[in-house]
Amino acid sequence: MPPEPILRVRGLKTQFQSAAGVVRAVDGVDLDIYPGEIVGIVGESGSGKSALAYSILRLTSGRIVAGEVQFRGQNVLELREAEMEKLRGDRIAMIFQDPMTSLNPLMRIGTQIGEALRYHLRLGRRAAAAKAAALLQAVHLPDAERRVHDYPHQLSGGQRQRVVIAMGMSCTPDLLIADEPTTALDVTIQSQILNLISETRQRTSTAVLLITHDLGVVAQLCDRVAVMYAGQVVEQGRTADVFADPQHPYTIGLLRSTPHGRRRGEPLRPIPGQPPRPGEIAAGCPFAPRCHLAEARCQHQAPDLIHIGGGRQARCLLRTEVAYEPAP
Amino acid sequence: MSPLLEIQGLVKHYPVGSRFSAQRRLLRAVDGIDLSVSPGETLGLVGESGCGKSTTVRMIMRLLEPTAGRILFDGQEITRLSGARLKAVRQRMQIVFQDPFASLNPRKTVERIVSDPLEIHRIGTAAERRARVYKLLQRVGLDRSHADRYPHEFSGGQRQRISIARALACAPQLIVADEPVSALDVSIQAQVINLLQDLQRDLALTMIFISHDLSVVQYVSDSIAVMYLGKIVELGPSHAIYHEAQHPYTRSLLSAIPVPDPTRRGSVPPLESELPSPMNIPAGCRFHPRCPLATERCRREAPELRPVGAQQVACHNI
Numbered sequence: 009m010p011p012e013p014i015l016r017v018r019g020l021k022t023q024f025q026s027a028a029g030v031v032r033a034v035d036g037v038d039l040d041i042y043p044g045e046i047v048g049i050v051g052e053s054g055s056g057k058s059a060l061a062y063s064i065l066r067l068t069s070g071r072i073v074a075g076e077v078q079f080r081g082q083n084v085l086e087l088r089e090a091e092m093e094k095l096r097g098d099r100i101a102m103i104f105q106d107p108m109t110s111l112n113p114l115m116r117i118g119t120q121i122g123e124a125l126r127y128h129l130r131l132g133r134r135a136a137a138a139k140a141a142a143l144l145q146a147v148h149l150p151d152a153e154r155r156v157h158d159y160p161h162q163l164s165g166g167q168r169q170r171v172v173i174a175m176g177m178s179c180t181p182d183l184l185i186a187d188e189p190t191t192a193l194d195v196t197i198q199s200q201i202l203n204l205i206s207e208t209r210q211r212t213s214t215a216v217l218l219i220t221h222d223l224g225v226v227a228q229l230c231d232r233v234a235v236m237y238a239g240q241v242v243e244q245g246r247t248a249d250v251f252a253d254p255q256h257p258y259t260i261g262l263l264r265s266t267p268h269g270r271r272r273g274e275p276l277r278p279i280p281g282q283p284p285r286p287g288e289i290a291a292g293c294p295f296a297p298r299c300h301l302a303e304a305r306c307q308h309q310a311p312d313l314i315h316i317g318g319g320r321q322a323r324c325l326l327r328t329e330v331a332y333e334p335a336p
Numbered sequence: 004m005s006p007l008l009e010i011q012g013l014v015k016h017y018p019v020g021s022r023f024s025a026q027r028r029l030l031r032a033v034d035g036i037d038l039s040v041s042p043g044e045t046l047g048l049v050g051e052s053g054c055g056k057s058t059t060v061r062m063i064m065r066l067l068e069p070t071a072g073r074i075l076f077d078g079q080e081i082t083r084l085s086g087a088r089l090k091a092v093r094q095r096m097q098i099v100f101q102d103p104f105a106s107l108n109p110r111k112t113v114e115r116i117v118s119d120p121l122e123i124h125r126i127g128t129a130a131e132r133r134a135r136v137y138k139l140l141q142r143v144g145l146d147r148s149h150a151d152r153y154p155h156e157f158s159g160g161q162r163q164r165i166s167i168a169r170a171l172a173c174a175p176q177l178i179v180a181d182e183p184v185s186a187l188d189v190s191i192q193a194q195v196i197n198l199l200q201d202l203q204r205d206l207a208l209t210m211i212f213i214s215h216d217l218s219v220v221q222y223v224s225d226s227i228a229v230m231y232l233g234k235i236v237e238l239g240p241s242h243a244i245y246h247e248a249q250h251p252y253t254r255s256l257l258s259a260i261p262v263p264d265p266t267r268r269g270s271v272p273p274l275e276s277e278l279p280s281p282m283n284i285p286a287g288c289r290f291h292p293r294c295p296l297a298t299e300r301c302r303r304e305a306p307e308l309r310p311v312g313a314q315q316v317a318c319h320n321i
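Line order of the protein sequences matches chains A and B.
So the first sequence is numbered by this note's numbering: it starts at 9 and just counts up by one.
So the second sequence is numbered by this note's numbering: it starts at 4 and just counts up by one.
Just so you know, the hints here were simulated from the structure itself, not pulled from any lab data.
Please note that a few of the clues may not be correct.
[Said to hold, decoys possible] If you want the ones that stay clear, here's a sample from chain A, every Cβ over 10 Å from chain B, calculated:
id, residue
1, E52
2, Q78
3, R126
4, L129
5, P160
6, L202
7, Q210
8, D222
9, V226
10, G273
11, R277
12, P278
13, R285
14, E288
15, P297
[Claimed, not checked] Computed spacing ranges between beta-carbons, pair by pair:
id, chain 1, residue 1, chain 2, residue 2, range
16, A, M108, B, G35, 31 to 37 Å
17, B, R300, A, R154, 56 to 62 Å
18, A, A252, B, S21, 56 to 62 Å
19, B, A105, A, A135, 45 to 51 Å
20, A, L114, B, R133, 51 to 57 Å
21, A, H148, B, D37, 35 to 41 Å
Cβ coordinates follow ideal geometry from the N, Cα and C atoms, glycine included.
Using the sequences provided together with the hints, build the complete structure.
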């Protein structure tokens, strides 16, 4: 029997009110995450990938208008705020692109990590300090025992992100949500942090939801990937399968437009046009205006996310639905 | 062919700390580099933040005063030019910046933005300038109906097209593109890279392309210079650098790029530790504290660039 997903999102819709009207940032997302796996959400700016993450944690400034977020069998959208607070930082942790979002500039890093331990694990001051130093060692912060007394500004960007990861992992959560955790870092530091995330997952079997715009990061780190466009998941499957044989025209276009491995002079094949502006989603498939395969029906018929075999799903009228089967 | 641009021994040092303090130190942003670019060629400059690549091109554009060294443009030394003679050279070289949200004046229409360089250099009549703006907008994939709009009405990719139109206004010979696609989404990046390639071919432009992303740089460049802490560590034809990198830093940089191919997951361990501060550059080879090949000699003696295969490499152990 397959294991139960740790997180099961169904029909999630989050909307923002803007001057231009209602913006459907998350527009009916289904997503499963199983214990210990790394799932990538990839998409371009405005695709709704960050709004999805914030909605799962109920930290979005928009309004969640429909759907369910089952975490360990419990719909978090129905929890009281006090219960939600206990979940956040304890069972679900989050790290952001800018580590300073989560760090207090006026507090020594050891004390900050200790604070979460004292709140969630009810550790005493001394025990919390000792555990904080151990956590910093586990994320390979050089000279960890001495650095617990440092303030965030004394660390580099990469070191701060290590501290935030240590803080996120402090209560060994079941799920770690990482929103573009390496986007602000140089490539050599990025590869260190990605290694750290992968190593942490192996050590603790924490599941990771990794939000990124970088297909390379997904390919290197994620077990499964969901591609988002205009607030919806348009393709979902095992990373190896999706990259080897993308099924949605948007995924195909994204993979074609990277310059990686292409020779000088060989023209890139970009996706024409622009993603829809927030709020201007028309009838039909949102990708149809840019799609090289679009047919007349795509302009007025909105596709559903369907099973296409091999545990994969795609949201495209040109794909044929098959009976659900789990990934081989 | 004689180079369009040549720089010799270029240095930029910043004094840091109080003028009267004993602790006054030097930040060595660029620490003696030589480069040349032939007409119609693209030179890629790569390296991580703080390696000095942006400082280098800002000196070439004469936006920063070099501490030492020479800059020659089309055979003429421009290092100390000022006034009208500097202005005349500036017309022939233009820059496109990374952030299309910061580099366009939000209070000017697109027409004003693109025609500004023409006005500054007093080129054409008002009617001629307008015609030129329309032509430029078309050339970069926008159209004349965009001329009366303001930057906030455009997406990131469209704004970068406006920046490119502005850079082309005076028909320059040299375009410096400082991370021109780093702020853009993948599907839009490819559009802008294709545009730059077409323009370069059609207008016979010479280009310096800066990026931290070696896979983009190898795709657009004829030759590549890899910088580390203010020095060039490897220089050569793009193909050779990308496929047969010699310097241990270039190799680590290449292996750190996440390849969008899950069948090729990285097996090379990432580079240890972080970039040292440019205020405290290590003695000997500046890469030695992070280098897997470092020997005693590397701690004492700074390597010079020397030919290895098709490229030049600054390393004792290659």
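Evaluation of the provided hints:
no.	hint	result
1	E52	4 Å, violated
2	Q78	28 Å, holds
3	R126	31 Å, holds
4	L129	31 Å, holds
5	P160	16 Å, holds
6	L202	7 Å, violated
7	Q210	14 Å, holds
8	D222	6 Å, violated
9	V226	8 Å, violated
10	G273	8 Å, violated
11	R277	7 Å, violated
12	P278	3 Å, violated
13	R285	8 Å, violated
14	E288	12 Å, holds
15	P297	13 Å, holds
16	M108(A) to G35(B): 31 to 37 Å	35 Å, holds
17	R300(B) to R154(A): 56 to 62 Å	32 Å, violated
18	A252(A) to S21(B): 56 to 62 Å	60 Å, holds
19	A105(B) to A135(A): 45 to 51 Å	47 Å, holds
20	L114(A) to R133(B): 51 to 57 Å	55 Å, holds
21	H148(A) to D37(B): 35 to 41 Å	38 Å, holds
Checked against the numbered hints above, the structure violates hints 1, 6, 8, 9, 10, 11, 12, 13, 17; every other hint is satisfied.
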